[in-house]
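Chemist: Single-letter residue listing:
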Amino acid sequence: MATVSLQKLVKRYGALEIVHGIDLEVADREFIALVGPSGCGKSTTLRMIAGLEPISGGNLKIGGRIVNDLPPRARNISMVFQSYALYPHMTVRENMGFSLKIAGMKSEEIAPRVEEAARTLDLTHLLDRRPSQLSGGQRQRVAMGRAIVRNPDVFLFDEPLSNLDAKLRTQLRTEIKKLHAKVQSTVIYVTHDQVEAMTLADRIVIMRDGHIEQVGTPEEVFQRPASKFVAGFIGSPPMNLKDAEIADGRVVFVNGDSLPLPRRFADRVTAGRKVTFGLRPDDLYPAGHGIHSGQEADVHKADLRVSITEPLGNETLVFSEHGGAEWVGRMLNPRRLRAGETLPFCFDLSQAHLFDRETGRTLRG
Amino acid sequence: MGALKRLRPSTPFLLLLPAIVVLAAVVVVPLLLSFYSSFTPFRLTQPASLFNFVGFRNYGRILTDVEFWTAFGRTVLLLTVALNAEMLLGLGLAMLVEKATAGQRLLRTIMMFPMMFSPILVGFQFKFMFNDNIGLINNALQSLGLTDQAIPWLIDGTLAFWAIVVAEVWSSTSIFAILILAGLLAMPKEPIEAARVDGCTPWQTFRYVTWPFVMPFAYIAMTIRSLDVARAYDIVKIMTDGGPAKRTELLWTLISRTAYADARMGLANAMAYFAIFLSILFTVYFFRKLAAARTQIGAEW
Amino acid sequence: MNENAKARLAGNLLSLAHKLGLFIAMAIICLPGLWIVLASFRPTVEIMAKPPVWIPQDLSLDAYVAMFSGVGQGGIPVIDYFSNSLIVSITSTVISLAIGMAGGYAFARFRFRAKSSIFLGLMLTRTVPGIALSLPLFFVYSKLGIIDTHFGLILAYVALNVPFTIWLIDGFFRQVPKDLAEAAQIDGCTRWQAFWQVEFPLAGPGIASAGIFAFLTSWNEFALASQLTRSINSKTLPVGLLDYTAEFTIDWRGMCALAVVMIIPALVLTFIVQKHLVSGLTSGAVKG
Chain A
409 MATVSLQKLV
419 KRYGALEIVH
429 GIDLEVADRE
439 FIALVGPSGC
449 GKSTTLRMIA
459 GLEPISGGNL
469 KIGGRIVNDL
479 PPRARNISMV
489 FQSYALYPHM
499 TVRENMGFSL
509 KIAGMKSEEI
519 APRVEEAART
529 LDLTHLLDRR
539 PSQLSGGQRQ
549 RVAMGRAIVR
559 NPDVFLFDEP
569 LSNLDAKLRT
579 QLRTEIKKLH
589 AKVQSTVIYV
599 THDQVEAMTL
609 ADRIVIMRDG
619 HIEQVGTPEE
629 VFQRPASKFV
639 AGFIGSPPMN
649 LKDAEIADGR
659 VVFVNGDSLP
669 LPRRFADRVT
679 AGRKVTFGLR
689 PDDLYPAGHG
699 IHSGQEADVH
709 KADLRVSITE
719 PLGNETLVFS
729 EHGGAEWVGR
739 MLNPRRLRAG
749 ETLPFCFDLS
759 QAHLFDRETG
769 RTLRG
Chain B
244 MGALKRLRPS
254 TPFLLLLPAI
264 VVLAAVVVVP
274 LLLSFYSSFT
284 PFRLTQPASL
294 FNFVGFRNYG
304 RILTDVEFWT
314 AFGRTVLLLT
324 VALNAEMLLG
334 LGLAMLVEKA
344 TAGQRLLRTI
354 MMFPMMFSPI
364 LVGFQFKFMF
374 NDNIGLINNA
384 LQSLGLTDQA
394 IPWLIDGTLA
404 FWAIVVAEVW
414 SSTSIFAILI
424 LAGLLAMPKE
434 PIEAARVDGC
444 TPWQTFRYVT
454 WPFVMPFAYI
464 AMTIRSLDVA
474 RAYDIVKIMT
484 DGGPAKRTEL
494 LWTLISRTAY
504 ADARMGLANA
514 MAYFAIFLSI
524 LFTVYFFRKL
534 AAARTQIGAE
544 W
Chain C
483 MNENAKARLA
493 GNLLSLAHKL
503 GLFIAMAIIC
513 LPGLWIVLAS
523 FRPTVEIMAK
533 PPVWIPQDLS
543 LDAYVAMFSG
553 VGQGGIPVID
563 YFSNSLIVSI
573 TSTVISLAIG
583 MAGGYAFARF
593 RFRAKSSIFL
603 GLMLTRTVPG
613 IALSLPLFFV
623 YSKLGIIDTH
633 FGLILAYVAL
643 NVPFTIWLID
653 GFFRQVPKDL
663 AEAAQIDGCT
673 RWQAFWQVEF
683 PLAGPGIASA
693 GIFAFLTSWN
703 EFALASQLTR
713 SINSKTLPVG
723 LLDYTAEFTI
733 DWRGMCALAV
743 VMIIPALVLT
753 FIVQKHLVSG
763 LTSGAVKG
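Protein chains in written order, with our numbering: chain A, 409 to 773; chain B, 244 to 544; chain C, 483 to 770.
Since the hints were derived computationally from the structure, they do not count as laboratory data. Any given hint could turn out to be false.
As the list claims (entries may be wrong) - Mimicking DSS-like on lysine-lysine, the simulated pairs with C-alpha atoms at most 25 Å apart in a straight line are:
# : chain 1 : residue 1 : chain 2 : residue 2
1 : B       : K532      : C       : K597
2 : C       : K501      : B       : K432
3 : B       : K342      : C       : K501
Here chain A stands alone, though its shape is the one from the complex (with noise of 0.2 Å):
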């Protein structure tokens, strides 16, 4: 069990620099989720820390002990590939030993240890058998169950349920989180989908072209997006995010609507500033379908006219318009709409955000 942190790690390819001097502290048995567009460097971060890219430059420490120029057998890792990389020439029982056998150990001591871990996995009866054999989720377990067998001070994943279909991938993203509570080590989890960065993380770092945007809870990311690229990276579907300026205290879109300025940024921004304004389509519904937080006085109404709906049982998400801009709102208890149909709907500004349209930061309000 071990702390992890990043100081200033930097990673260049010659002349270009993709990571930019990163600074991250993990908690020891923190489940922290790295995410981010592709491109945005998680990867190579990731496999700085296992040690399979040198590092460019700043320091990383495992529980404390500078690591930066050791060798993976050295740092007392463990890490599930997204291709799985099961030995194809071993068994089941043989992959997941041979981490073990490597350091010496006698077959009688991995015996159980493997039988063990086949065992919380549920791979006992596929332990003679050849990666070729198993499916692609059984293939992904014996990935976890070689990770597990060594005891490793940190498991490193690299988007390890992105080759699984969808019903497969949420079963599976369950049963990390439970083996996450079992076995309580430190956890660092690279993956693109921002579903399975909420589910899982304690703490969820974003990045973006080598840089972090924000670190912070499941929740913290949500509610209170540092950025205008988290706010439109994180929630499903994202943010309404209009650009538009601060004027007699309303918001003026660029089509020349405008709401009025949400009363908690009153005394914040001044007239004539650029801003981007954000709302999540949880906080835009028709009147009479969806729940605000409570101030009334925030909540403003205006006519949409529907142009789709994406119906989704409980709820149906509408994709609306008014003055050539489209909005995305969620209907709880929904009746079925037409498309073309002119509804009244509430803007829950108490939930709105603004950021700084230049530097795409936030406005805390």
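Chain A is already provided as a structure; the job is to place chains B and C on it using the hints.
Modeler: The following block gives chains B and C in isolation, referenced to the frame of chain A:
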């Protein structure tokens, strides 16, 4: 840090070192030596002649030597004819085998058959078959009543040239066929089906979908072949040994004769450089083609 | 006749033409070899007969008996040639494999400067025609006194085989996902251990076939061997084949029998590796 690393030899360099050492010792250094000796009138029988520098005299003599240029032209002609024929026949054979519904394994195995024949054996085998007196070909032609004469396959210059082409094509078509077949088998089926649905004729499907995909495989075969086109020396050496009366003399047989029978090493080495240059030209050309074809495929599929 | 019937007829004709074409192609491939095998069992009289004898009347093993019965009784020192061939081929194969594995691994797993030029450079050494190489080698070997020795021939064959072996082995290592070696390093292996425990076993069949290819090249090589060998000390089978040719006569039957002896090991080995050989040469053709 970076500077320190540069001082230490890198891992790939160390891994490549044995290969480089062996090739330098057995190929590069002797070639340098032969390059030097091509500027001398070196004869094996007169070791001192190695130190008699005559500049470009050997090369000058070659440039005006009709016999050499005839052999050179014949070599280029042989390679052009043989490589094109091998490519076309290989493609045809691969497509025949790919279309076969049963016995694929057996067919592929038979297809590899000529590959394991030593070129010297190929030469001998065709010398036997083309023998004017007892050869299978003349025997068959005579028994079928197509001719009552013994056709002098290996004695007439033109016929001998074609007999050599046949032997060469027989021995090397299978490399093309095997690699092109690998390409055909590796090819995804969807684009072909899409082309058929889009209304392509079989020829158009082949021309615009199949061939571009298979091309890199054909180039691999070409590259491999160009690596040792000079294998043809073995075949010719046995079948005609450049004869009769130098009418099938190729660059390589001429070099061998000049060096060993006439013992004029310096001159032979100068000739050899023409042959080496020719081989390198072939190989570099096909390597380029191969690289280009690979990137093209990468972009399309 | 309606459209469908026409199309069906055309299809049937095409399929018939396909079968016929396939049959003719296979016949052309097989016939020369079979003819030699047949001739090796026939008496010389029958081979030379005019008009030709098509149906073999008299099959025997006489040619083989004569070949092995030693020099002076119509035989040639075939045992010596065979063992020379075997020693030279096997040794040079083992050495080229070791060198080729190191080089192939470097090309498959590392990025370094001028990589493709170095690769091309190595390949180009292979393009030097055997006969052109044999001139200086003959001279150097004579000076070093290693002409007509196993060592000299082995050295030459190693150099001959290394470029192609590197090409093949590079392909086989590329087929082993990089992830696996990384996983092994995470599992506690050093790079060296990761290679032997994971990458080598997985590329093994491919490496074996590269070895067989190298073996065949050495086994069949003639241009160099004909100049670098002199006597039964080092003469290999392809050179020995010429023992059956005199100035104006050729012992066809004996040559056929020796050809069969030469071809059998090659035949067996090629069939063992055919699958891997193709995949090694073409890996990377699609993916680059």
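Chemist: Now tell me if each hint is right for this structure.
Modeler: Now for the hints, and whether the structure bears them out:
no. : hint              : in the structure
1   : K532(B) x K597(C) : holds (18 Å)
2   : K501(C) x K432(B) : holds (23 Å)
3   : K342(B) x K501(C) : holds (10 Å)
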